[in-house]
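Chemist: Each chain, letter by letter, is given below.
Number of protein chains: 2
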Amino acid sequence: MQLLVDKIKTEGVYVGDGIIKVDALLNHQVDVGLMSIVGKAFAKAFATSGASLVLTAESSGIPPAFATAQALGVPLVYARKKQPLTMGERTYYAEAPSRTKGGVTPLIVSADYLTARDRVLLVDDFLASGRTAVALHEIIEQSGARLVGVGCVVEKVFEPGRKHLEEVFAGPIVTLAKIDLVDEGKNIRVFSD
Amino acid sequence: MQLLVDKIKTEGVYVGDGIIKVDALLNHQVDVGLMSIVGKAFAKAFATSGASLVLTAESSGIPPAFATAQALGVPLVYARKKQPLTMGERTYYAEAPSRTKGGVTPLIVSADYLTARDRVLLVDDFLASGRTAVALHEIIEQSGARLVGVGCVVEKVFEPGRKHLEEVFAGPIVTLAKIDLVDEGKNIRVFSD
Numbered sequence: 001m002q003l004l005v006d007k008i009k010t011e012g013v014y015v016g017d018g019i020i021k022v023d024a025l026l027n028h029q030v031d032v033g034l035m036s037i038v039g040k041a042f043a044k045a046f047a048t049s050g051a052s053l054v055l056t057a058e059s060s061g062i063p064p065a066f067a068t069a070q071a072l073g074v075p076l077v078y079a080r081k082k083q084p085l086t087m088g089e090r091t092y093y094a095e096a097p098s099r100t101k102g103g104v105t106p107l108i109v110s111a112d113y114l115t116a117r118d119r120v121l122l123v124d125d126f127l128a129s130g131r132t133a134v135a136l137h138e139i140i141e142q143s144g145a146r147l148v149g150v151g152c153v154v155e156k157v158f159e160p161g162r163k164h165l166e167e168v169f170a171g172p173i174v175t176l177a178k179i180d181l182v183d184e185g186k187n188i189r190v191f192s193d
Numbered sequence: 001m002q003l004l005v006d007k008i009k010t011e012g013v014y015v016g017d018g019i020i021k022v023d024a025l026l027n028h029q030v031d032v033g034l035m036s037i038v039g040k041a042f043a044k045a046f047a048t049s050g051a052s053l054v055l056t057a058e059s060s061g062i063p064p065a066f067a068t069a070q071a072l073g074v075p076l077v078y079a080r081k082k083q084p085l086t087m088g089e090r091t092y093y094a095e096a097p098s099r100t101k102g103g104v105t106p107l108i109v110s111a112d113y114l115t116a117r118d119r120v121l122l123v124d125d126f127l128a129s130g131r132t133a134v135a136l137h138e139i140i141e142q143s144g145a146r147l148v149g150v151g152c153v154v155e156k157v158f159e160p161g162r163k164h165l166e167e168v169f170a171g172p173i174v175t176l177a178k179i180d181l182v183d184e185g186k187n188i189r190v191f192s193d
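Listed in order, the protein sequences are those of chains B and Y. Last residue of the first sequence: 193 (our numbering), numbering continuous. Last residue of the second sequence: 193 (our numbering), numbering continuous.
By construction, these hints were calculated from the structure, which means they are not laboratory data. Each hint should be verified, as a subset may be incorrect.
Identical copies look the same in the list; a pair holds intra-copy or inter-copy alike.
[To be verified] Listed next, the in silico SDA-like pairs over lysine to any residue satisfying Cα-Cα at most 20 Å (straight line):
1. K82 to S98
2. K82 to V104
3. K163 to I173
4. K82 to A96
5. K9 to K178
6. K82 to P97
7. K82 to I20
8. K81 to P106
9. K7 to G73
10. K7 to M87
With the rest of the complex left out, here is chain B:
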């Protein structure tokens, strides 16, 4: 998606060590118009997937996942990182290491909202290490639901996320902007297919 590539080029900041700050678009301030276009692009890419829900992880996955669920006309479910008192007792649980925050992040989904009948479209902001996506895939497996596609707004192609995900999932993985390192990691290149 050229619009997204252009926005990342103008508003993204490369802070080094493979970390790109897109807080102006995605992770803190949200460009809602851009997210609506992102949601429509995923809905188009997965139009024939028969997805019954969109799954993501709180918090930065919620805006693109919400917009995608909106465009597909299906519910959104977001994995919680901490079990609230109101959550039911039957839950699915997996762990994902988080680099930008440090430590391990638990991911919890109530069994009330993910069932063996569901066809799940996984949407997230970044595909980097792939650990969040792999952990969400684990949760989907636990529930007996079926993962039908993965859409991530930004892919860091210099990280093993796609490879790790392909080890557990043979279906379509769609990313709208790709980022690669150049100049021995001192700069980045932003592009799309």
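Fit chain Y to the supplied structure of chain B, relying on the hints for placement.
Modeler: Chain Y alone, transformed into the frame defined by chain B:
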């Protein structure tokens, strides 16, 4: 909003102690169509506010705040509860006690996305103790921005949230469904204005 009242009546679960579980609509699974209607209702209620952005706190505030920002055509900014490595150094900070999760929740907003020129519409899922809204108001004050309105999807009228908020903010506070305790707290009543 009668639709919201009806949905809370059919899909909400009162778990006692004044805690209502609306995980099926708002806090875990998100009814995206309902949230779009909620967003349009807030956009209409605050059409003349001149809001330049919608502010909320991660995570459960994001869906209604996203939909409102979408309907108003302005950016969304969500306060983070943990400072990511990618966040800039200049931040605003306040603390809000969280009952359903226990402990104190820090709220952090980068100074890059909230400036003295902003007119802020605060949107959240619940108005209950009012502590999140009061903490976000504190952050808005720190930035020099102006709070122009508060929209919360559900108000617990048996809690002091509105009162606490009115002590610091004289503008409009709009809530779309109200919940009160009946039968000495054994049941709830859901209604709208």
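Chemist: Which of the numbered hints above does this structure break?
Modeler: none
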